[in-house]
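K.L.:
Sequences and hints are given; from them, build the entire structure.
There are 2 protein chains.
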Amino acid sequence: METIVGKQSIQFQQSPHIVSGASIVGKKEGEGPLGKLFDQIEEDPMVGQNTWEEAESALQKKAAKLAMEKAGPSYSSVRYLFAGDLLGQLIATSFGLMDLQIPLFGLYGACSTIGEALMLGAMTVQGGYSENVLALTSSHFGSAEKQFRFPLEYGGQRPLAATWTVTGSGAFVLAPSGGKARISGATPGKVVDYGVKDSLNMGACMAPAACDTICQHLEDFGRTPADYDHIITGDLGSVGQTILLDLARKRGYDLSEQHLDCGMLIYDAEAQDTHAGGSGCGCSAVTLAAYILPKIETNQWKRILFVPTGALLSTVSFNEGQSVPGIAHAVVIEHC
Amino acid sequence: METIVGKQSIQFQQSPHIVSGASIVGKKEGEGPLGKLFDQIEEDPMVGQNTWEEAESALQKKAAKLAMEKAGPSYSSVRYLFAGDLLGQLIATSFGLMDLQIPLFGLYGACSTIGEALMLGAMTVQGGYSENVLALTSSHFGSAEKQFRFPLEYGGQRPLAATWTVTGSGAFVLAPSGGKARISGATPGKVVDYGVKDSLNMGACMAPAACDTICQHLEDFGRTPADYDHIITGDLGSVGQTILLDLARKRGYDLSEQHLDCGMLIYDAEAQDTHAGGSGCGCSAVTLAAYILPKIETNQWKRILFVPTGALLSTVSFNEGQSVPGIAHAVVIEHC
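Going line by line, the protein sequences match chains H and R. For what it's worth, our numbering labels the leading residue of the first sequence as 492, then goes sequentially. For what it's worth, our numbering labels the leading residue of the second sequence as 492, then goes sequentially.
It should be emphasised that the hints constitute simulated quantities derived from the structure, not laboratory data. Honestly, I wouldn't trust all of these hints.
Intra- or inter-copy, both count: the list cannot distinguish identical chains.
Unchecked claim - The list that follows gives simulated cross-link-like pairs (lysine-lysine, PhoX-like), each with its CA atoms no further than 25 Å apart:
(1) K688 / K637
(2) K561 / K518
(3) K518 / K786
(4) K553 / K498
(5) K561 / K498
P.N.:
Shown next, in the form of structure tokens:
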């Protein structure tokens, strides 16, 4: 099979390996259904820092170091970082990773960023541009609410379609070999806009993009949903999931058997009062590191499609009455 | 020579070519020293739109289409976009490029973004992941002032060390062959922080990063400044230039013969009252497209080092008293 596949996909000929994954989360995530699986739970929402943004930076730094530590000494020399976050001008990333003194490719794909980071990281490793690279993202409930909605002190009411931004950072060391999981393919996504304007219903904003990328992926590779143990979106939540399944059905694909959503896995929506589920750059990253990757490494799942989803809004675009377009990047991860 | 060079550089074995470059700028840039070289000058600062942000999106869209048009029909199928801008959550990019319906890798490296886009684009082309890709960035004086400083209506005073954000977008089609310029190497940059906190003196914030990347590049490749016709930074301006030359001298490199700065080339600082020079994601991109690339294509310059520079601040990090770290990505462009 060729490297260039179909309309917009990539097949890796020498699949780069995910050597390690690390997850650091906040207290609420630690209390959720995946709580026991995370590497570290930070009880202090400020992570010992002075601001929400510095707290998020601290999470990134911890996750980066832990991923490198878990990879072991043979992978210690990480050459490039592929990283991003949700904050304007990526300040959680630039301040968080500065001390590592490793060249940085700053990325922004909203909550889809870990997908973008993993595929660019894999392209870099297979391309022979680097031995080891680190892909990571973060989000923080406090910094995200301040950035996108209201300061926490306002105590704003949240509609039921709203999601809860995950406090956490997930990091992954990619290398030409090692570990028990490999990235065998990727489908970078297009910006898709269905004209939805409700920033408190991001699942509805992102579902069309998720559908577009997943269906295009299946067409490009000539596969069906059954070729995957699971197709796992980032943070559509329960509202977005319904829309995705409906839209995919209209394009001839029944995803209901395979579909999972990190945003729905990470919290107990009822007990934790998180409404439609979790969201944020950290949501899919920590779920991949703590829950999905181990399933693949232990061969419980042979092949999955990991599809982080992003809502491309800012307070400026929202206040100017623009819609909230979505983007989704798909990465094929297989046991090896 | 190997693909992996020295501590942080890449040598392209089959140098991807820059098939075309397009530049669209605003009225002020059109009145500057490079005025006659730009492809299009937009007299209307709103580019027929309702907001500064939409105006910037319109510039990106025009530049993207023009670059593809200039590349010609054999390069019409662009597979991936590598793009970014200065605005929070990259709204100029996501809204500007949506209609192209091409998968998007959203990038953020502040004003260094066109360097990041060119190197990732080149890595993608040489890696065989795509035939043609498009690398582009934009900035807009109105949207940037609103994002980072004060709304224009305030009529704020600007200190002499301040730069003027370029209104413009530069776009480039990269492909395995074609055209008269090729990307032969790259040095992705690290985040460098000297603790400067003055967001109205971004040259001082970025100069240490420019120095770090340029010196590391020369060491990685075992070259001297004289191996380049010019070493061209993005938007240090006159204040940043002085600092760069001083810092580089301390590391044993005299850049004074070769150094140029896009921010100093694009405006007549005295006549146009732009103080230290131009800046913004668009500054180095349009200067590359309109001024630098033609010099290389016509073999007036055989080899240059293009080093866009970024100041990694946001209003949040600034207001929280953080410093303004810098980043610089270096790309080697040669005649072919």
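K.L.:
Of all the hints given earlier, name the ones this structure violates by number, lowest first.
P.N.:
Hints that this structure does not satisfy do not exist here, as all of them hold.
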